[in-house]
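Q: Line by line, the protein sequences give chains H and S. Just so we're aligned, residue 1 is where the first sequence starts under this note's numbering, counting upward by one. Just so we're aligned, residue 1 is where the second sequence starts under this note's numbering, counting upward by one.
If you are wondering where the hints come from, they were derived from the structure by calculation, not from laboratory data. Ideal placement from N, C-alpha and C gives every residue a C-beta, glycine not left out. Any given hint could turn out to be false.
[To be verified] Where chain S lies over chain H, by a calculated footprint (3+ residues, C-beta under 8 Å):
1) 4 to 17
2) 115 to 121
3) 138 to 145
4) 161 to 174
5) 209 to 223
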Amino acid sequence: MRNIRTYQEVTHDTGSELLEQVVDQQHRLAERLTQVRSVVAVASGKGGVGKSAVTANLAAALAAKGLSVGAVDADLNGPSLGRMLGVSGAQLSDRPSGVAPAKSPSGVLVMSMELLQQEADAPLRWREPAMGGFIWQSTVETGVLREFLGDVEWGTLDVLLVDVPPGTDKIGRLLELVPDLDQMLLVTTPSETARFVVSKSVRMAREAEVGTLALVSNMAGHTCTECGHVSDLFTGDGDKRLEQETGLPVWAEIPFDPRLGTATDSGTPLVITEPKARSSQAILALAERVVEHIS
Amino acid sequence: MKFVCLECDEVMAFAERQIPGDGTLAAVFTCGGCGREMAMLTNPMETQLVSSMGVKIGGREVPAQPMELARTSLEGGRDDAFALSEDIPLADIEPEPGVESTTVSQAAGGRVVWTSDATGRLERVPSFVRGMVKRIYTDWAREKGVSEITPEIMDRARTELGLEGM
Ligand SMILES: Nc1ncnc2c1ncn2[C@@H]1O[C@H](COP(=O)(O)OP(=O)(O)O)[C@@H](O)[C@H]1O
Ligand SMILES: [Mg+2]
Ligand SMILES: [Zn+2]
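All chains, full assembly: derive it from the sequences and hints.
A: Below is the structure:
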């Protein structure tokens, strides 16, 4: 039998330059992020727990404190950050060192897939051959997220928040791109199902040695808009159990507040319109924590 | 991915890339020892796999453009996603320290003007990628010390840069 060498044994360069280009991509991203003091991911693993609402309000709260803040909507398939920060319909533009992002009325620089799509109700689709889309879809989406982080002209930022989509694999995708992530906030609720899913994300973040990890317990109790009385929304104590099991600090307990949902969903974060509300206070305190922990 | 000529026991070198149609990507490799040539043909799925990484076999003629992957891969891009300013500001060409090539210094700071015919042709490019395409042509012109972009210059740039369908 003929003796064929392995790929590594064949040391000669072929000139296809594939590896060089991939290295160059990573280089461009790293270069851009040198201008960002702290990349903070808002993740969970679970959907519908309020990651986007927390990201939008936290971004506005940090900007209101005078920090320069950017926010990346990493949820390419279900973008909502643009909407929540009131930049729907805003235009991007080509600038010398990248694409200029949208700027929210609250002063946050935003990049979201929503800004690139023509039809609001169109599901995300990539130009594709008829077959095998699943094979490369995740490759494209990782690449597009890399562009959202690295090809946008953020300028110098104190904090770049990343709204991470549900699914622990999406947390892995971000960590691949930003291995030295400064902080990760894991949003959970008192529900047992949330605890179960978020515990997986905690483990993943720990294995990746994320700088600072903290929990945000959202929808913790329901504030009555009439009397201000707080009652349980979920009967579980998943958030408390998660705190005990993981030993992670809880940086905020945000009550369920219909005003938070309504204001945020209409593009005006509640921390701006009603900073005195209990839910706003919790998010403003969260912003303090984030600032304290910027490394 | 490497190709070895078994007869010469030598790595074949990348020679040329073509897109002959049907979603096929052809990459030609040559053996430096015996001169044998071979073409690697990929099916549309494999072609997509390579392009979804945002890389090109054989290297790029044009540096990667901001958000190029998103802008070239997205189905249903928003017509007015990118503001079309009259004069897209362009990065100044930074000559490599020490090696100041004459073309670069001639063109550096020099303005590049688009004739109305050239602008007309640029307007046929979908707005989603127009800014990106304009930048590629203008950068090329600056580098060559060309101060006016005409449709002929666009053709020249296109051939030299191997821009398929821009
Ligand atoms: N504490 C809260 N009180 C009231 N509504 C909330 C709260 N947190 C989130 N919401 C609302 O719940 C819905 C789901 O939240 P969202 O942030 O989109 O979740 P996720 O991004 O985790 O999928 C949104 O309409 C949001 O405004
Ligand atoms: Mg969301
Ligand atoms: Zn040979």
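Q: Evaluate each hint against the coordinates.
A: Cross-check of the supplied hints:
1. A count of 10 residues in the stretch 4 to 17 of chain H with a Cβ less than 8 Å from any Cβ of chain S is obtained; the coverage claim is therefore met, three being the minimum.
2. Counting residues of the stretch 115 to 121 of chain H whose CB falls under 8 Å from any CB of chain S gives 5; the rule of at least 3 is met.
3. Counting residues of the stretch 138 to 145 of chain H whose CB lies closer than 8 Å to any CB of chain S gives 4, which reaches the minimum of 3, so the coverage claim holds.
4. Three residues within the 8 Å Cβ limit are the bar, and the stretch 161 to 174 of chain H against chain S gives 0, so the coverage statement is violated.
5. Judged by the Cβ-Cβ criterion of 8 Å, the stretch 209 to 223 of chain H is not covered by chain S as claimed, because only 0 of its residues qualify and three are needed.
Figure legend: structure checked against the earlier numbered hints; hints not met, in rising order: 4, 5.
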